[in-house]
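Whenever a hint applies, use it, and build me the whole structure from the sequences.
Protein chains in written order, with my numbering: chain A, 1 to 192; chain B, 1 to 192.
Hints are supplied without guarantee of correctness; some may be wrong.
List of simulated lysine-lysine pairs, DSS-like, C-alpha gap at most 27 Å [to be verified]: (1) Lys19/B with Lys13/A; (2) Lys183/A with Lys94/B; (3) Lys19/A with Lys13/B; (4) Lys50/A with Lys130/B; (5) Lys19/A with Lys130/B; (6) Lys126/B with Lys103/A; (7) Lys103/A with Lys183/B; (8) Lys18/A with Lys87/A; (9) Lys126/A with Lys183/B; (10) Lys130/A with Lys189/B; (11) Lys130/A with Lys50/B; (12) Lys18/B with Lys18/A; (13) Lys130/B with Lys18/A; (14) Lys183/A with Lys50/B; (15) Lys94/A with Lys13/B; (16) Lys19/B with Lys130/A; (17) Lys126/B with Lys130/A; (18) Lys126/B with Lys183/A; (19) Lys189/B with Lys103/A; (20) Lys18/B with Lys130/A; (21) Lys126/A with Lys130/B; (22) Lys183/B with Lys94/A; (23) Lys130/B with Lys183/A; (24) Lys94/B with Lys189/A; (25) Lys130/A with Lys94/B; (26) Lys19/B with Lys18/A; (27) Lys103/A with Lys103/B; (28) Lys103/B with Lys130/A; (29) Lys103/B with Lys189/A; (30) Lys130/B with Lys103/A; (31) Lys19/B with Lys19/A; (32) Lys103/B with Lys126/A; (33) Lys13/A with Lys51/A; (34) Lys18/B with Lys50/B; (35) Lys31/B with Lys13/B; (36) Lys18/B with Lys19/A; (37) Lys189/A with Lys130/B; (38) Lys130/A with Lys183/B.
No wet-lab data here; the hints were simulated from the structure.
2 protein chains.
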Amino acid sequence: MIQTDIPIFLASKSPRRKKLLRQIGLNFKVKAFDVEENFSVNDNPVKLVKKLAADKLEAAKNKIVNSIIITADTIVVRDKKIIGKPKDEKEAIKMLGLLSGNKHYVYTGFAVFNGVSGKTIIDYEKTCVKFRELSDDEITEYVETGQPLDKAGAYGIQEDYGAVFVERISGDYYNVVGLPLAKLYLRLKQVL
Amino acid sequence: MIQTDIPIFLASKSPRRKKLLRQIGLNFKVKAFDVEENFSVNDNPVKLVKKLAADKLEAAKNKIVNSIIITADTIVVRDKKIIGKPKDEKEAIKMLGLLSGNKHYVYTGFAVFNGVSGKTIIDYEKTCVKFRELSDDEITEYVETGQPLDKAGAYGIQEDYGAVFVERISGDYYNVVGLPLAKLYLRLKQVL
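Shown next, in the form of structure tokens:
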């Protein structure tokens, strides 16, 4: 388990990330900052998620001192195009239509920083997700619940009806939720 | 979504299964029965989990009428040997040592039964799980939390520290938790 006297901060607004860190017994506080997340659909996914995590870390470092800081960013990639969060219900329906019956990739970039030693690690994880074929009715019903609207790729895999769309995954499941727990845990140990 | 006027019963004591069915918006009640779960380590995993699910269904059918009944059973298989729930802390430590650094397979057999039409489907799902190399200290610390003691293979993947042991999975994540949500959902639609 992670044991340290240094305070730990999760710099993220995501309630899902908060829950994941609680699950592994980490003692931490949450402090989120607004960081602009600009990207173009053709950006390199690995470079992009690592850059977004690094940008979030820079914003947090100005406000949080002598602490461990964790930041993260998750994107969805289908057919080499980056898919962000849907603007509205219409866009959510379009996104789910693209994912239906196909494989896509979820990338989470994350940063861990020890503000006492100055040690930083920026890393990422990639998971392949295969959706089964969805009917138009299923997509519409799901979008009407409002659940997909704040999520990259317009679906949630945890605590969400979106789970029944996922036929199989290859890789770290928690990476799809928003934090690759196994890798993050190892990297946290490395900066301590 | 699953819509029916027929009452739905989950015949399982598992709090994890109850939570998974809630996640997909199913309206159901829980009624569990004691069924003997006998097996030998060399049993065929697919036949075994389907038989255990069928046995649980038979026990439930005597008590629940004119309803839809869901039953399930989950086992862990490592190196072609079936691993059940650990008897005590010592056995949990031994099981986690076997899983450390290796791949294993999780099988969940399930039954869905419509007590009005008489239609029954018995099916299963298989997921491959790869553990990273665990240190003896990590295993001991985890076992001391008590979390692995009521779980097949001596670990939990959801709402549990065991998540940081899992490097990657191939297949349905929820199958490892205790119910293959995507397949169960489709089979439920088929018996309605």
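Now the hints, each set against the structure:
1. Lys19/B with Lys13/A: holds (25 Å)
2. Lys183/A with Lys94/B: With a Cα-Cα distance of about 24 Å, the restraint between Lys183/A and Lys94/B holds, given a limit of 27 Å.
3. Lys19/A with Lys13/B: Roughly 25 Å between the alpha carbons, so the hint for Lys19/A and Lys13/B holds.
4. Lys50/A with Lys130/B: Distance of about 25 Å is within 27 Å: holds.
5. Lys19/A with Lys130/B: holds (23 Å)
6. Lys126/B with Lys103/A: holds (19 Å)
7. Lys103/A with Lys183/B: Measuring from Cα to Cα gives roughly 17 Å; hence the hint holds.
8. Lys18/A with Lys87/A: holds (24 Å)
9. Lys126/A with Lys183/B: holds (24 Å)
10. Lys130/A with Lys189/B: Satisfied, since the Cα-Cα distance of roughly 21 Å is no more than 27 Å.
11. Lys130/A with Lys50/B: Status holds; Cα separation ~25 Å.
12. Lys18/B with Lys18/A: holds (23 Å)
13. Lys130/B with Lys18/A: holds (25 Å)
14. Lys183/A with Lys50/B: violated (35 Å)
15. Lys94/A with Lys13/B: Distance ~40 Å between Lys94/A and Lys13/B Cα, so the pair is violated.
16. Lys19/B with Lys130/A: holds (23 Å)
17. Lys126/B with Lys130/A: Roughly 15 Å separates the two Cα atoms, so the pair holds.
18. Lys126/B with Lys183/A: Status holds; Cα separation ~24 Å.
19. Lys189/B with Lys103/A: Within the cut-off at roughly 24 Å; holds.
20. Lys18/B with Lys130/A: The hint holds at about 25 Å.
21. Lys126/A with Lys130/B: The hint holds at about 15 Å.
22. Lys183/B with Lys94/A: Roughly 24 Å between the alpha carbons, so the hint for Lys183/B and Lys94/A holds.
23. Lys130/B with Lys183/A: The hint holds at about 13 Å.
24. Lys94/B with Lys189/A: Holds, at roughly 25 Å.
25. Lys130/A with Lys94/B: Between Lys130/A and Lys94/B the Cα gap is close to 34 Å, so the pair fails against 27 Å, i.e. violated.
26. Lys19/B with Lys18/A: holds (19 Å)
27. Lys103/A with Lys103/B: holds (23 Å)
28. Lys103/B with Lys130/A: holds (21 Å)
29. Lys103/B with Lys189/A: Holds: Lys103/B and Lys189/A sit about 24 Å apart, inside 27 Å.
30. Lys130/B with Lys103/A: Holds: Lys130/B and Lys103/A sit about 21 Å apart, inside 27 Å.
31. Lys19/B with Lys19/A: holds (16 Å)
32. Lys103/B with Lys126/A: Roughly 19 Å separates the two Cα atoms, so the pair holds.
33. Lys13/A with Lys51/A: At roughly 18 Å apart (the allowed maximum being 27 Å), Lys51/A and Lys13/A satisfy the hint.
34. Lys18/B with Lys50/B: holds (20 Å)
35. Lys31/B with Lys13/B: With Cα atoms ~8 Å apart, Lys31/B and Lys13/B stay inside 27 Å; holds.
36. Lys18/B with Lys19/A: Roughly 19 Å separates the two Cα atoms, so the pair holds.
37. Lys189/A with Lys130/B: holds (21 Å)
38. Lys130/A with Lys183/B: holds (13 Å)
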